[in-house]
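Make a model of the complete structure from these sequences and hints.
Heads up: take any position in the sequence shown, counting from 1, add 119, and you land on the numbering used here.
Hints may contain errors.
Taking lysine-lysine pairs in the PhoX-like style, the calculated list, with each CA pair at most 25 Å apart, reads [to be verified]:
{"hint": "1", "residue 1": "Lys228", "residue 2": "Lys215"}
{"hint": "2", "residue 1": "Lys228", "residue 2": "Lys183"}
{"hint": "3", "residue 1": "Lys183", "residue 2": "Lys155"}
{"hint": "4", "residue 1": "Lys183", "residue 2": "Lys163"}
{"hint": "5", "residue 1": "Lys215", "residue 2": "Lys185"}
{"hint": "6", "residue 1": "Lys163", "residue 2": "Lys228"}
{"hint": "7", "residue 1": "Lys147", "residue 2": "Lys183"}
{"hint": "8", "residue 1": "Lys147", "residue 2": "Lys128"}
{"hint": "9", "residue 1": "Lys163", "residue 2": "Lys215"}
{"hint": "10", "residue 1": "Lys163", "residue 2": "Lys185"}
{"hint": "11", "residue 1": "Lys147", "residue 2": "Lys163"}
{"hint": "12", "residue 1": "Lys147", "residue 2": "Lys185"}
{"hint": "13", "residue 1": "Lys215", "residue 2": "Lys183"}
{"hint": "14", "residue 1": "Lys155", "residue 2": "Lys185"}
What the hints contain is simulated information worked out from the structure, not anything from laboratory work.
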Amino acid sequence: MALPKNTAKSDAENDFGLQNQQQVDDVKALYGMLAKARNQVDYKALVDEHLFNDNLLELLLDNKPKMGILISARINPIAYMMLQRILYSTNNDLRKFLETEIPGLYTNKCKQISVNK
120 MALPKNTAKS DAENDFGLQN QQQVDDVKAL YGMLAKARNQ VDYKALVDEH
170 LFNDNLLELL LDNKPKMGIL ISARINPIAY MMLQRILYST NNDLRKFLET
220 EIPGLYTNKC KQISVNK
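So this is what it looks like as C-alpha coordinates:
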(Lines of atoms letter the chains of each structure in order from A; the text may use other names.)
(Lines give C-alpha, C1' and ligand atoms only; values in the text may rest on other atoms or scores of the structure.)
Protein backbone atom coordinates (compact mmCIF):
# COMPACT_ATOMS: atom_id res chain seq x y z
CA MET A 120 0.00 0.00 0.00
CA ALA A 121 1.50 3.34 -1.11
CA LEU A 122 1.70 6.28 1.23
CA PRO A 123 -0.10 9.48 0.21
CA LYS A 124 2.06 12.08 -1.53
CA ASN A 125 3.12 15.00 0.67
CA THR A 126 1.85 18.13 -1.07
CA ALA A 127 2.12 20.50 1.90
CA LYS A 128 4.84 22.70 0.39
CA SER A 129 3.10 23.25 -2.95
CA ASP A 130 -0.25 23.65 -1.19
CA ALA A 131 1.23 26.36 1.06
CA GLU A 132 2.80 28.18 -1.91
CA ASN A 133 -0.54 28.26 -3.70
CA ASP A 134 -2.70 29.04 -0.66
CA PHE A 135 -4.89 32.04 -1.40
CA GLY A 136 -7.71 31.13 0.96
CA LEU A 137 -10.86 29.67 -0.55
CA GLN A 138 -9.99 30.28 -4.19
CA ASN A 139 -9.86 27.68 -6.92
CA GLN A 140 -6.74 27.02 -8.99
CA GLN A 141 -7.87 29.27 -11.86
CA GLN A 142 -8.31 32.21 -9.47
CA VAL A 143 -4.87 31.55 -7.97
CA ASP A 144 -3.33 31.46 -11.45
CA ASP A 145 -5.09 34.72 -12.36
CA VAL A 146 -3.67 36.45 -9.27
CA LYS A 147 -0.19 35.15 -10.08
CA ALA A 148 -0.52 36.46 -13.64
CA LEU A 149 -1.64 39.88 -12.34
CA TYR A 150 1.30 39.96 -9.95
CA GLY A 151 3.64 39.21 -12.84
CA MET A 152 2.15 42.05 -14.90
CA LEU A 153 2.41 44.38 -11.89
CA ALA A 154 6.06 43.43 -11.39
CA LYS A 155 6.79 44.28 -15.05
CA ALA A 156 5.16 47.74 -14.83
CA ARG A 157 7.99 50.27 -15.00
CA ASN A 158 6.38 53.61 -15.78
CA GLN A 159 3.08 55.49 -15.58
CA VAL A 160 2.01 54.24 -19.02
CA ASP A 161 2.44 50.61 -17.89
CA TYR A 162 0.52 51.20 -14.65
CA LYS A 163 -2.27 53.08 -16.42
CA ALA A 164 -2.64 50.34 -19.05
CA LEU A 165 -2.73 47.66 -16.34
CA VAL A 166 -5.38 49.52 -14.32
CA ASP A 167 -7.48 50.34 -17.38
CA GLU A 168 -7.36 46.73 -18.58
CA HIS A 169 -8.28 45.28 -15.17
CA LEU A 170 -10.40 48.13 -13.79
CA PHE A 171 -12.96 45.99 -11.96
CA ASN A 172 -10.54 43.30 -10.76
CA ASP A 173 -10.42 43.47 -6.96
CA ASN A 174 -7.30 41.31 -6.92
CA LEU A 175 -5.35 44.02 -8.74
CA LEU A 176 -6.51 46.64 -6.25
CA GLU A 177 -5.38 44.42 -3.37
CA LEU A 178 -1.99 43.85 -5.03
CA LEU A 179 -1.57 47.60 -5.56
CA LEU A 180 -2.51 48.27 -1.93
CA ASP A 181 0.04 45.71 -0.75
CA ASN A 182 2.84 46.93 -3.04
CA LYS A 183 2.23 50.68 -2.66
CA PRO A 184 3.84 51.65 -5.99
CA LYS A 185 5.73 54.95 -5.99
CA MET A 186 4.93 55.62 -9.65
CA GLY A 187 2.14 58.10 -10.26
CA ILE A 188 -0.34 58.25 -13.11
CA LEU A 189 -0.87 61.63 -14.73
CA ILE A 190 -4.54 62.49 -15.09
CA SER A 191 -6.10 65.65 -16.43
CA ALA A 192 -9.57 67.09 -16.54
CA ARG A 193 -11.05 70.31 -17.80
CA ILE A 194 -13.41 71.91 -15.26
CA ASN A 195 -15.38 75.13 -15.37
CA PRO A 196 -14.03 78.24 -13.61
CA ILE A 197 -16.60 78.06 -10.79
CA ALA A 198 -15.59 74.53 -9.82
CA TYR A 199 -11.92 75.48 -10.22
CA MET A 200 -12.26 78.43 -7.85
CA MET A 201 -14.11 76.28 -5.31
CA LEU A 202 -11.44 73.59 -5.60
CA GLN A 203 -8.65 76.13 -5.12
CA ARG A 204 -10.36 77.45 -1.97
CA ILE A 205 -10.76 73.90 -0.63
CA LEU A 206 -7.10 73.21 -1.29
CA TYR A 207 -6.07 76.47 0.36
CA SER A 208 -8.26 75.89 3.43
CA THR A 209 -6.98 72.33 3.88
CA ASN A 210 -3.36 73.30 3.17
CA ASN A 211 -3.15 70.67 0.42
CA ASP A 212 -2.15 70.47 -3.18
CA LEU A 213 -4.40 68.64 -5.63
CA ARG A 214 -2.44 65.38 -5.49
CA LYS A 215 -2.52 65.17 -1.68
CA PHE A 216 -6.18 66.15 -1.64
CA LEU A 217 -7.16 63.43 -4.12
CA GLU A 218 -5.04 60.78 -2.41
CA THR A 219 -6.69 61.67 0.91
CA GLU A 220 -10.29 61.86 -0.30
CA ILE A 221 -10.46 59.02 -2.85
CA PRO A 222 -10.03 56.09 -0.40
CA GLY A 223 -12.94 57.26 1.77
CA LEU A 224 -15.20 57.97 -1.20
CA TYR A 225 -14.33 54.62 -2.76
CA THR A 226 -15.12 52.73 0.45
CA ASN A 227 -18.40 54.61 0.95
CA LYS A 228 -19.64 54.49 -2.65
CA CYS A 229 -18.27 51.21 -4.00
CA LYS A 230 -18.60 49.26 -0.71
CA GLN A 231 -16.18 46.59 -1.81
CA ILE A 232 -13.03 46.55 0.27
CA SER A 233 -11.73 49.16 2.65
CA VAL A 234 -8.72 50.99 1.28
CA ASN A 235 -8.06 52.85 4.53
CA LYS A 236 -5.48 50.32 5.74
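Hint check against the structure, violated hint numbers in rising order
none
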